[in-house]
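Number of protein chains: 2
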Amino acid sequence: MTGAGLIAQPLTAAAFAPYGDVLEVAGAPDRMINANLCGRFHDRARLEFLDGRAGISLFDAEARHLPYALDLMERHPLGSQAFIPLDNVPMLICVAADTHGRPTTPRAFLSQPGQGINLLRNVWHGVLAPIGRAGRYAVIDRIGPGDNLEEYHFDQPLTVEGPQP
Amino acid sequence: MTGAGLIAQPLTAAAFAPYGDVLEVAGAPDRMINANLCGRFHDRARLEFLDGRAGISLFDAEARHLPYALDLMERHPLGSQAFIPLDNVPMLICVAADTHGRPTTPRAFLSQPGQGINLLRNVWHGVLAPIGRAGRYAVIDRIGPGDNLEEYHFDQPLTVEGPQP
Numbered sequence: 001m002t003g004a005g006l007i008a009q010p011l012t013a014a015a016f017a018p019y020g021d022v023l024e025v026a027g028a029p030d031r032m033i034n035a036n037l038c039g040r041f042h043d044r045a046r047l048e049f050l051d052g053r054a055g056i057s058l059f060d061a062e063a064r065h066l067p068y069a070l071d072l073m074e075r076h077p078l079g080s081q082a083f084i085p086l087d088n089v090p091m092l093i094c095v096a097a098d099t100h101g102r103p104t105t106p107r108a109f110l111s112q113p114g115q116g117i118n119l120l121r122n123v124w125h126g127v128l129a130p131i132g133r134a135g136r137y138a139v140i141d142r143i144g145p146g147d148n149l150e151e152y153h154f155d156q157p158l159t160v161e162g163p164q165p
Numbered sequence: 001m002t003g004a005g006l007i008a009q010p011l012t013a014a015a016f017a018p019y020g021d022v023l024e025v026a027g028a029p030d031r032m033i034n035a036n037l038c039g040r041f042h043d044r045a046r047l048e049f050l051d052g053r054a055g056i057s058l059f060d061a062e063a064r065h066l067p068y069a070l071d072l073m074e075r076h077p078l079g080s081q082a083f084i085p086l087d088n089v090p091m092l093i094c095v096a097a098d099t100h101g102r103p104t105t106p107r108a109f110l111s112q113p114g115q116g117i118n119l120l121r122n123v124w125h126g127v128l129a130p131i132g133r134a135g136r137y138a139v140i141d142r143i144g145p146g147d148n149l150e151e152y153h154f155d156q157p158l159t160v161e162g163p164q165p
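Sequence order for the protein chains is A and B.
Going by UniProt numbering, the residue at position 127 of the first sequence is 127; the numbering climbs one at a time, nothing skipped.
Going by UniProt numbering, the residue at position 88 of the second sequence is 88; the numbering climbs one at a time, nothing skipped.
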């Protein structure tokens, strides 16, 4: 990985699929419930909780800004991790492939209001980064024993810039 | 249960505790993460998924209005069900105790922006009711086989009014 720049792309389910799920109301619902007054988009996250269970926590994160210096990535070998925005604050989502235990081929996405994400188990990602203002998020991740955090610090930060207008 | 009126109360963790959890950033975080730039309010929902697993779905629900006619309650004998608002639309949350398989002693709560809820397994509740405008919600509930829905229709709807100013 070099210190070169990266341009954040709009978050779409198709582009994000190798890394996780986009949690959003899009397309037709799987079924209508509650006397046809509610559409259910059913079971849209590839959750995985090894040797543990699902929990819901809240994260209250300070604002980050673009361009953003990506100097750390992390991954959770024992479980998936979902982020659902409570304040409609976009997230900068940096993800990467893995090569021999190091994050490689980084990509960056910028979410839109109404979009949450579920990161697949063991996918390299940057820390929660609300862009422009502070944000609160519901987080669905693994609760259980053992070390579920691996970090990788870059020698030189990667600069992530916003989408081109 | 009579056809008399009910006044929705502000949603607070203490008042809602017999029925479920309020998912919100409140008080001090359990720990700071991400170089002290993020507070984690850890594991705040009493999740339960019998003979199944957790899933994340999206609900897209039409607007309801106050006063609201509560004519149906339901419960899920096999799992808890959490609702996290994506649009900051308040929810009218009607819950009740159980007496011999019927909802009794109903109560109504109105959520504020930034508040989600987790309904405990088998607690009687009204259907998802965004107040004032349509709302999208992430829903964490049980995915699995079997009948996880029990409904109770009232002979006469209960009128739920908004909080007194």
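Errors might be hidden in some of the hints.
Said to hold, decoys possible - Some, not all, of what chain A presents toward chain B, calculated at C-beta under 7 Å: (1) L23; (2) C38; (3) H42; (4) L47; (5) G52; (6) G55; (7) L58; (8) E62; (9) A63; (10) L86; (11) L110.
Unchecked claim - Here are some chain A residues pointing at chain B (derived, C-beta under 7 Å): (12) F41; (13) F59; (14) A61; (15) G116; (16) N122; (17) V123; (18) V127; (19) I131; (20) A138; (21) G146.
Read the hints as simulated data drawn from the structure, not as lab findings.
Each residue gets a CB set at the ideal place from its N, CA and C atoms; glycine is no exception.
Review point. What hints, given by number in increasing order, does this structure fail?
Key: Result: hints 5, 9, 11, 16, 17, 19, 21 break, sorted rising.
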